[in-house]
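Engineer: Chains as they are written, first to last, in our numbering: chain A, 4 to 318; chain B, 25 to 715; chain C, 4 to 313.
Note that these hints are calculated values from the structure, not bench results.
Predicted model, so just to flag it, every value in this text is computed and none were measured.
Take the hints with a grain of salt, since some may be wrong.
[Unchecked claim] To be clear about the criterion: a stretch of chain C counts as covered by chain A if any three or more of its residues have a C-beta under 8 Å from a C-beta of chain A, and this derived list gives those stretches: (1) 242-250; (2) 276-287.
[As the list claims (entries may be wrong)] Partial pick of chain C residues on the chain A-facing surface, computed with a CB cut under 8 Å: (3) Leu57; (4) Ala154; (5) Pro156; (6) Val292; (7) Asn296.
Backbone N, C-alpha and C fix where the C-beta goes; we use that ideal spot for every residue, glycine too.
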Amino acid sequence: MAAYLVRRVLQSILVILLVSLVTFTLLHLLPGGPARAILGPRATSQQLQQFIVQNHYDKPLILQFGLWFNDLLHGNLGYSYHLNENVASLIADRLPKTIVLMLLSIVVALLIAIPLGVYQARKRNTVGDYVLTGFSFLFYAMPSFLLGLLLIILFSFVLPWFSPEAPQSDSLGAILADGNALVLPVATLALITIAAFSRYTRSSVMENLTQDYVRTAAANGAKDSRIVVKHVLRNALIPVVTLLGLSLPALFAGALIVESVFNYPGMGFLFWQEAIVRDYPVLLGVTLVVAIATVVGSLLADIAYAVLDPRVKYA
Amino acid sequence: MAPVLDVDDLHTEIAVNDGAVHAVDGVSFTVHRGELLGLVGESGCGKTMTALSIMRLLPGGGRITKGTVVLGDVDLTAMSEKDIRSVRGKRIGMVFQDPMTSLNPTITIGRQVAEPLHLHTDLAGRAMTDRVTEMLNLVGLPQPSRRLNAYPHELSGGMRQRVMIARALVCDPELLIADEPTTALDVTIQQQILELIDDLRTRLGMAVILVTHDLGVIAGRADRVAVMYAGKIVETTETQRLFGNPRHPYTEALFEALPENAAGTNQPLYSIPGMPPDLVNPPPGCRFAPRCRYAEDSCRTDPPPLRGEVTGHDYACFFPVGAAETGPITGLHKPRPIVVDSGFGRHAAEPGAPLLSVTGLVKDFPITAGAILRRNVGSVSAVADVSFSVTGGETFGLVGESGCGKTTIGRLVVGMERPDAGTIWIDGTNVATLRGKARREHQRDTHLIFQDAYAALNPRMRVGAIVAEPLVIHGIGNRATRLNRVREVLAEVGLPRGAIQRYPHEFSGGQRQRIGLARALALQPKLIVADEPVSALDVSIQAQILNLMSDLQERHGLTYVFISHDLSVVRYLSTTIGVMYLGKLVEIGPAGAVYANPVHPYTRGLIDTIPVADPWARRTGDDGVRGELPSAIRPPSGCRFRTRCPLAQDVCAEQEPPLRTFGNDGHQAACHFPLAVPTFAAESEKSVGTA
Amino acid sequence: MTINPPLPEQVHVSDTVAAPVDSGDAPPKSMWRLGLEVFLANRLAIVGLVVVLLFVAFCFLGPLLYHTEQLRTDLAQANQPPGTGGHPLGTDDVGYDELGRLMVGGQSSLEIGIAAAVMATIVGTLWGAIAGYLGGWVDAIMMRVVDTLLAIPGLFLLLLLVAIFTPSTGLLIVVIAFGAWLTPARLVRGETLSLRTREYVQAAKMMGGGNRRAILKHITPNAIGTIVVNATFQVADAILIVAALSFLGLGVPPPHADWGNMLSDGTAFTQNGYWWMILPPGLAIVLVVVAFNFLGDALRDAFEVRLRRR
């Protein structure tokens, strides 16, 4: 297992390096060159020149990359002229809020999707299974913004239960305290995740139910519920952990949309707003950070997988 | 004494799309305490379904429709689900075929063996662990207390099966059902497991039902046998009576299809024509009648009842073979010789230069590991300095257990792998050094037949295209001539012309192997390497394919390299046998000589451990091969077999034994203490060991 | 007393080797025919097919029969509920007829979706097949590229690219395909790796066949199933992506319509209860995407079942 983990960590580091390379490349593909693109059409050539020298854009590319990367390591992700703030501090403020939203949604989704998937697998091809499969298809096909809108219409206007807007406070604590306003955003993100995960759990459990070791447990006199819980689940959930790792990019994207629909002050919302005004430093900074977060999350999922599956642990 | 299990007129059905398969159709038998009943038959006969029906572990769509299964004093068929669960694992234990998949890969073996204790007893904590350790000890698992926290994939196949047995017996059941418990294991391990089951039966006083297709396994161990065909029992009696005086034509036919009974003769095997009947709509009358050589009209209309003259020997046939028994049976039934019309039989090899000559062949497979870059950390020594020759027209049988390198040699000979050292001379050319166009040209002379016939055929290509592919690759002929050739070879292998348009999935296992043979013949190769071509087939189908291969060899002067782990098949078909162990050729010589007078201890062990379908055959207790296969990455120094050899001494670890000659017909073996006197005594050897 | 019938004295060797094949005089069906049968037997597949065809007809043939003004705004007619002034589905916030806009928007959504999916599938398949077949360091490098791009969540990458390049409709297709080719690449690489080790591929090489033959005759036909199934799901995903981008204001450039920006316009009026600006485009998206998902599932079954008949 140690060898496996070391390899995965090194792979992750490599990917992060490559992502930063991509980001750097995109920086230099900006229309008109980085200086013009960032400072805007009204900057004077003197300001442009100053900016170029300040940011080393006149140096050879390899050196630039080194310097830029060095800046990154010191936490300097650039400066947003639009919002008049350091990109790094913007992200530091927004990222935790997005993570909180995602974590809440993942936890809620897994708590519902896994039992649902198990139920569907055990009662496969019955009416209940078909109905739930139908819902899965529906939610899977529905764009998250549409789902968000519908939930707002239904549960904020028709039935005035929840707030149509997410908590707006600055501090994380205040956000978490405003439960009512969190319900719809979390529900939106969770519902789509449930659709995918319950389907996957269903097929993973079904596949395991046909395995020989289930027959051996039955031959020992174990009853169905014991077999499912004590035998099948630990095998069936291992790929689900992997799926979680693979779903992180989609979850971030989903969070972006949910934040946009509900005005949630997270990183996705920031990204969207700044994309419209072409605030490149923010865009590039957030892209890099989100990619790193995805890689780290995926690495954590792989570590969990290695811990859970003895065939990897003791290989 | 009342039987432990009494099955009476059991009927089991499995629902399918268009009806129901009558998998078990009126089966009755009893098993007594301390008795081992063998339930034997080919695939689809219903033996596994019978076993599962007893435990009521039928697959989805399966149900018992009639009959009773009485365990002691309760009828298992009438029990509620809750009650039958308390029988499973407690009063009846079951062992399945594949121990790798039958154990949960994510739970330690200690906990898996303890599971029945959890479910059926009050044992807990220390007491439970002690019981588990005791059980693992009983099944012969070395260092059981240290293995409690091991996972299944950390153990070898044989050890896993021992764990399965421990798990089945941990609650001291009255009955053990073993469904093909050794089929997935190596021959030498098979022997160990069967010994274990036998031993436990005596010690624990259990009744055992052993379900298998292997008549050899039955002959050595079972007290009584029930032969099943198409969902019914066709004959049942004590083992010796069955083998000495089979009454049912199917039993007789099975014996005649066994290669070991025809070995050393030039006879074809008796192969039962046709296929087993469709069990959704079974034919009226005797189920075997369509394939029976003695069938009369009455056989096809009325089903024959299971009865007999002598108590205990029942058969379901109106026109049984053999004679009514008057006294005890003393010997094996002698199969009637088959008189053939054409010149069947294996010719002795033509004298002269060998067609295939392999010298000093070496092949290692590197193993990569490492965190960042994959470095070579070692290699598997698959083939380590092997040399042999094969004369034109003969069959060279290469035999050995898993990991011995025989498959690798086959692949090297046909050019699928390149040797790391050594030469391969085929008809005067060293094919090991050829490249490019010349290599492709020479690949026409050889062909490989794969074990898994289905996997070797592209599922999306029609049979005609598959068989014609070698011609297409080498650009021979045009569509019309190729089609003719395809028709020719298909006829030779006994497939109808309609097969050309069909896809592989529409054929049975034996038929797919025929397609493989047809493809092999298309280019009229000189040498065909057959890698376990019949291992996955039932005995009667196996007989068909072996007869076909002999026939083709005779007609076309083919040379075969026949690779198998099944020594009796190899012995039947081969002129010369080579025995391999862990990458080394340990013995080679004429088939008869190697089998009758093995010189190398491993060969002796192999022969001794192979289950022979003869209850009177001498069965050695513990002269067999001990222990487990060592790693091929770091094979033992000196003689690779020394870790499992009963005759091993210090010199075996220091010096690798050279091949020495025994007799003057090419019989050679590599051993410091061979079982016979070598023709030339070497100076540095000490004394020659005796058997 | 039982009488043993005489044993046939002569046995022809050919008797012992003949083997029957499934009887049946009908000519065997080809793989395509069998697959088609399974496909058509699947009711959801028919539903999906019908829905897709209906929408295609609706979006592309509809405007020929139902003319509406889609270029000039008519603010006097803005926000009319369905039924007024000859607008069956009402009007949107700048006076466009909703039903007509639905058709025209559908054209964009479907065109972009299908084109992007096709492009992504072709590029991804080639990439994955080459990586999988050649293996070694070529595979390592090609897959590192895929891994890197996969690390950036798709929507972020797409928004970034759109922000940088501000593409026209044509380039938007390329941008979306750029995000989408990664999945088929991974998938096809996996398939190729697995197929490469199949015995029938090895048999072809053993007989003297070269790499080209192995790829064209053996690997590709057996991988087609996965590729086609994935392509169908790609269409569904692409339509969702376009809608998302347009909803966020960074998709189809104005004055083009698509279902996504119709929804985005409608969002402003959720509180007013102008449901006809939200429900129709939303419903359209869901129906088309579900239909393509049905098709994908059914195709998967159709391709697989032929291998499992025995």
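Engineer: Are the hints correct? Go through all of them and say.
Structural biologist: These are the hints, each one checked on the structure:
| no. | hint | result |
| --- | --- | --- |
| 1 | 242-250 | holds (count 4) |
| 2 | 276-287 | holds (count 4) |
| 3 | Leu57 | violated (16 Å) |
| 4 | Ala154 | holds (5 Å) |
| 5 | Pro156 | holds (4 Å) |
| 6 | Val292 | holds (4 Å) |
| 7 | Asn296 | holds (6 Å) |
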